[in-house]
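Novice: The chain contents come next:
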Amino acid sequence: MNQINVTRREFIITSAGAAGGLAIGVFLAPMANAAVVNPMPWQSPNDKEGLELSQWIVIDPSGIITVVQPHAEMGQGAMTSTAMMLNEELQADWKMIRVQYADANRHVLNNELWVTMASGGSNVVKARHPHIMQAGASARERLKEAAAQTWGVPRTQVTAKDSVLTSGTRRGTYAEFATRAAGIKLAEEPKRKTPEQFTFLGTSVPRLDVPLKVNGAAKYAHDIRLPGMVYAAVYANPVPWGGSPKFDFNAIKARPGVLAAVELKAVAGKRGLADMQNGVAVVADTYYRAKTALDLMPIEWDYGPNAAMSNQTLFDTAYKKLGEKGAVRKDDPAALAAIAAAPADKKVGGDFHRPYEAHARAEPITTTVDIKADGTVDVYVGAQNPPAVMTAVVEQLGIEPKNCFVRRQFLGCGFGSSSGTFAAKQAAQIAKEVGRPVKLIWSREEDIRNSKHAPAYAARFEAAVGPDGLPTAIFTRTFGANSSDNTITDMPYEIALRHHERHADLEQANIPITTHRAPGTGLVGFASEQFIDDLARKGGWNPLDWRIAMTKTKADYQLVLKTLKEKAGYRMDLPRGEGMGVAVVESHGTIAGAVATVTVSRRGQLRVEKVVLAVDSGHVINPLNGTEQVEGSVVFGLAHLLGGGLEFQKGAVANSNFDTYRLLRIGDMPTVEVHFALSGGEKWGGLGEPGVPPTAPSVANAIFAATGKRVRSTPLTLHDLSWA
Amino acid sequence: MALALNVNGTSYTVDVEPETPLLWVLRDNIGLTGTKYGCGIARCGFCTVHVDGQAVKSCQTKVSATVGTRVTTIEGLSPDSTHPVQVAWIEHSVPQCGYCQSGQIMAAAALLAKRARPTDAEIDEAMADNLCRCGTYVRIRSAIHRAAELGAR
Ligand code: FES
Ligand code: FES
Numbered sequence: 000m001n002q003i004n005v006t007r008r009e010f011i012i013t014s015a016g017a018a019g020g021l022a023i024g025v026f027l028a029p030m031a032n033a034a035v036v037n038p039m040p041w042q043s044p045n046d047k048e049g050l051e052l053s054q055w056i057v058i059d060p061s062g063i064i065t066v067v068q069p070h071a072e073m074g075q076g077a078m079t080s081t082a083m084m085l086n087e088e089l090q091a092d093w094k095m096i097r098v099q100y101a102d103a104n105r106h107v108l109n110n111e112l113w114v115t116m117a118s119g120g121s122n123v124v125k126a127r128h129p130h131i132m133q134a135g136a137s138a139r140e141r142l143k144e145a146a147a148q149t150w151g152v153p154r155t156q157v158t159a160k161d162s163v164l165t166s167g168t169r170r171g172t173y174a175e176f177a178t179r180a181a182g183i184k185l186a187e188e189p190k191r192k193t194p195e196q197f198t199f200l201g202t203s204v205p206r207l208d209v210p211l212k213v214n215g216a217a218k219y220a221h222d223i224r225l226p227g228m229v230y231a232a233v234y235a236n237p238v239p240w241g242g243s244p245k246f247d248f249n250a251i252k253a254r255p256g257v258l259a260a261v262e263l264k265a266v267a268g269k270r271g272l273a274d275m276q277n278g279v280a281v282v283a284d285t286y287y288r289a290k291t292a293l294d295l296m297p298i299e300w301d302y303g304p305n306a307a308m309s310n311q312t313l314f315d316t317a318y319k320k321l322g323e324k325g326a327v328r329k330d331d332p333a334a335l336a337a338i339a340a341a342p343a344d345k346k347v348g349g350d351f352h353r354p355y356e357a358h359a360r361a362e363p364i365t366t367t368v369d370i371k372a373d374g375t376v377d378v379y380v381g382a383q384n385p386p387a388v389m390t391a392v393v394e395q396l397g398i399e400p401k402n403c404f405v406r407r408q409f410l411g412c413g414f415g416s417s418s419g420t421f422a423a424k425q426a427a428q429i430a431k432e433v434g435r436p437v438k439l440i441w442s443r444e445e446d447i448r449n450s451k452h453a454p455a456y457a458a459r460f461e462a463a464v465g466p467d468g469l470p471t472a473i474f475t476r477t478f479g480a481n482s483s484d485n486t487i488t489d490m491p492y493e494i495a496l497r498h499h500e501r502h503a504d505l506e507q508a509n510i511p512i513t514t515h516r517a518p519g520t521g522l523v524g525f526a527s528e529q530f531i532d533d534l535a536r537k538g539g540w541n542p543l544d545w546r547i548a549m550t551k552t553k554a555d556y557q558l559v560l561k562t563l564k565e566k567a568g569y570r571m572d573l574p575r576g577e578g579m580g581v582a583v584v585e586s587h588g589t590i591a592g593a594v595a596t597v598t599v600s601r602r603g604q605l606r607v608e609k610v611v612l613a614v615d616s617g618h619v620i621n622p623l624n625g626t627e628q629v630e631g632s633v634v635f636g637l638a639h640l641l642g643g644g645l646e647f648q649k650g651a652v653a654n655s656n657f658d659t660y661r662l663l664r665i666g667d668m669p670t671v672e673v674h675f676a677l678s679g680g681e682k683w684g685g686l687g688e689p690g691v692p693p694t695a696p697s698v699a700n701a702i703f704a705a706t707g708k709r710v711r712s713t714p715l716t717l718h719d720l721s722w723a
Numbered sequence: 000m001a002l003a004l005n006v007n008g009t010s011y012t013v014d015v016e017p018e019t020p021l022l023w024v025l026r027d028n029i030g031l032t033g034t035k036y037g038c039g040i041a042r043c044g045f046c047t048v049h050v051d052g053q054a055v056k057s058c059q060t061k062v063s064a065t066v067g068t069r070v071t072t073i074e075g076l077s078p079d080s081t082h083p084v085q086v087a088w089i090e091h092s093v094p095q096c097g098y099c100q101s102g103q104i105m106a107a108a109a110l111l112a113k114r115a116r117p118t119d120a121e122i123d124e125a126m127a128d129n130l131c132r133c134g135t136y137v138r139i140r141s142a143i144h145r146a147a148e149l150g151a152r
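For the record, the sequence lines run as chains A and B. When we follow numbering that gives the first Met the number 0, the leftmost residue of the first sequence carries the number 0, and every step to the right adds one. When we follow numbering that gives the first Met the number 0, the leftmost residue of the second sequence carries the number 0, and every step to the right adds one.
Only chain A is shown next, with the shape it has when bound in the complex:
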């Protein structure tokens, strides 16, 4: 079936004049030319936090200090954040810091040398600061000890600052003492600083990657070019788990530059994270030629058993399930009894749902695989979890993990899209069959239709209100794979009786799914915070005051909600067609509250005017980047409220590109104000996602205030918001 056309022409015939463009920085080249302080010098098996210095820090004789860090840079500022956390302790000259990715192969083969390489769940600061700061502190103390031994003074008399060690009149640089430091064993690892000792964390530091992103220098997987590389364009079966295609390569093989067609095969019965759908790729000497030929190649698809699936069938199932008992996640028969006994005018109820969503990362999924003559394999990819990509390629090619190298690039967004493993398998298979390095690019259409999607959701809420207007009992039943049960069961409000059931998403075996930006809390928050608004209004309350009253014993919620009240000027007396709405959701260790202001014309034209947020992530290591992340989260939340929404028809996604999968544009952009309301202490929350969950319900509540219409589903493009 797979045929190779061997003709290939060179494209660039001449190139005259000055070299086009700027020299491209090799900033992220693995291991550059920096000296390694010492491979794994301070390892002690029981001290996971303090032992990993050398893999984190490389000190060059010139004084350049390379921070070798494991996390993906996908716009969330991981490279800057990790280097800042490390340098709070290391006390090197910040100007001399360089950051690069850690090597996934070394990580996997050495018992997870960097603890984890996964970047998701807003974890980089939240979960990783102890390891990263410990690596900095342990390095600093070894440098001090090296100087102390050289100078014959106690370590306590050596100070470290800006890459210089000082004791009295003696002075030396980190670079001078690096070699000696590498051999030092400390009796005890130093303690990390506590937040009140921070001098660097908490300041607004410009992101290190920004200069590379204003001149085209930043390299993404999409930009990889290797000698002898060819390009592949691919279609997976548009219906998940559909059969193999029948295609006629002869019809296109004479087209310019076309080299091969390669069939891709799903592994029967295997529907795990790293699986691949049945499909076909066309390989050519440029992407345009590959894609054009693929579009022209006659292909017949066997759509398989899911060919009748549609949004209608999906939500029919979801709502049917909402009427049936689900798996009990929080059992309280008293809650059910109280609601059953309440008079009709003391009951509130409501259903909500949200469709499947695409990730639509800015950079369409792209992977380059180079199977080299020595049997090693390079995989060029922008991955949130490089070891998962490694596993996928190892599995597809049947090679040893030690021979697989993931060459990590900047990511054009992340959003938890794990489709990279799927594409890596495809690229590996194609490279194997054509015997050349292959760059596989998913077209935007392929990206929107055939990625692993964020799952759909449906929820039913019922509650009873007591004579004082406050709730006595709540019942919830949800349907979906990313249902974040604890966001419901641990709702911060003082509601004594709670019962929660959930149906796992029955379609998930049929539609490949993965995470999203704030996947579960975003879905739950959309439903729960609108329901809470109804509940507060039912009792005659102002919804913001209700939330303050119902979280009295929770100091961090009080801080967020009172900050919001002070900053946002929430009011309920706006003229019809104007409204303000509030929502607060805890996610990724952070509480984020939002007040949105909207206008809705009589004909139903919505404009989101302003979103004010108050955020408690405990600490903010870089307020500039933290603010940017919250601003971006607002855009993400709005994008999937106002637009987005995958539409399944006849088993396949009917949306195809940004014309039919509409995302937020600059003209839709409200003013955004971000206020940090930090409770400090032991709390370390993330900031990449927590701005997402309150955004959509705050806007939906504002729409209700403006129009009296409850937003029971998304996208809003399907709703009529007109009012008379």
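Rather than coming from a laboratory, the hints here were simulated on the basis of the structure. All clues stand as given, with none of them false.
Under the rule of at most 35 Å between Cα atoms (straight-line distance), these lysine-lysine pairs were calculated in the DSBU-like manner:
(1) A:Lys566 - A:Lys346
(2) A:Lys551 - A:Lys346
(3) A:Lys682 - A:Lys551
(4) A:Lys551 - A:Lys329
(5) A:Lys184 - A:Lys401
(6) A:Lys371 - A:Lys245
(7) A:Lys252 - B:Lys61
(8) A:Lys190 - A:Lys160
(9) B:Lys61 - A:Lys245
(10) A:Lys371 - A:Lys264
(11) A:Lys609 - B:Lys113
(12) B:Lys61 - A:Lys431
Got chain A; can you put chain B with the ligands on it based on the hints?
Specialist: Just chain B with the ligands now, kept in the frame of chain A:
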């Protein structure tokens, strides 16, 4: 078919089908990868370049139509990131993932060449086709105003 192009002041001869979008010639044939693919249907703006100073979507521009013109890509906007838009972009910390930003910067530079002091409404109109999935829109607006100030100096 051999076509002569002028990109960032350099002459290239490329042998491609004349209908090939300029985007892919820049990226795959010439090797200037700062210009990005995002949709191929003129709905994301990631591929924005200048043809004789006008912002165009290179995914919708046939390479043959650029013969005899001056094409400028992000790599050629300034030799050292000192174009007012680039300076303002750094000052206002606009890029997050950065993938859309070549297109944003090229669109903003073309806008400012026409309108030295654009209003918010003019910015929204000129930048309407430039998607940013990371959501840097508020900073794009403020950085364009800042670039206007820098350009006026
Ligand atoms: S790739 Fe040209 S506008 Fe999207
Ligand atoms: S900065 Fe990531 S898409 Fe715009």
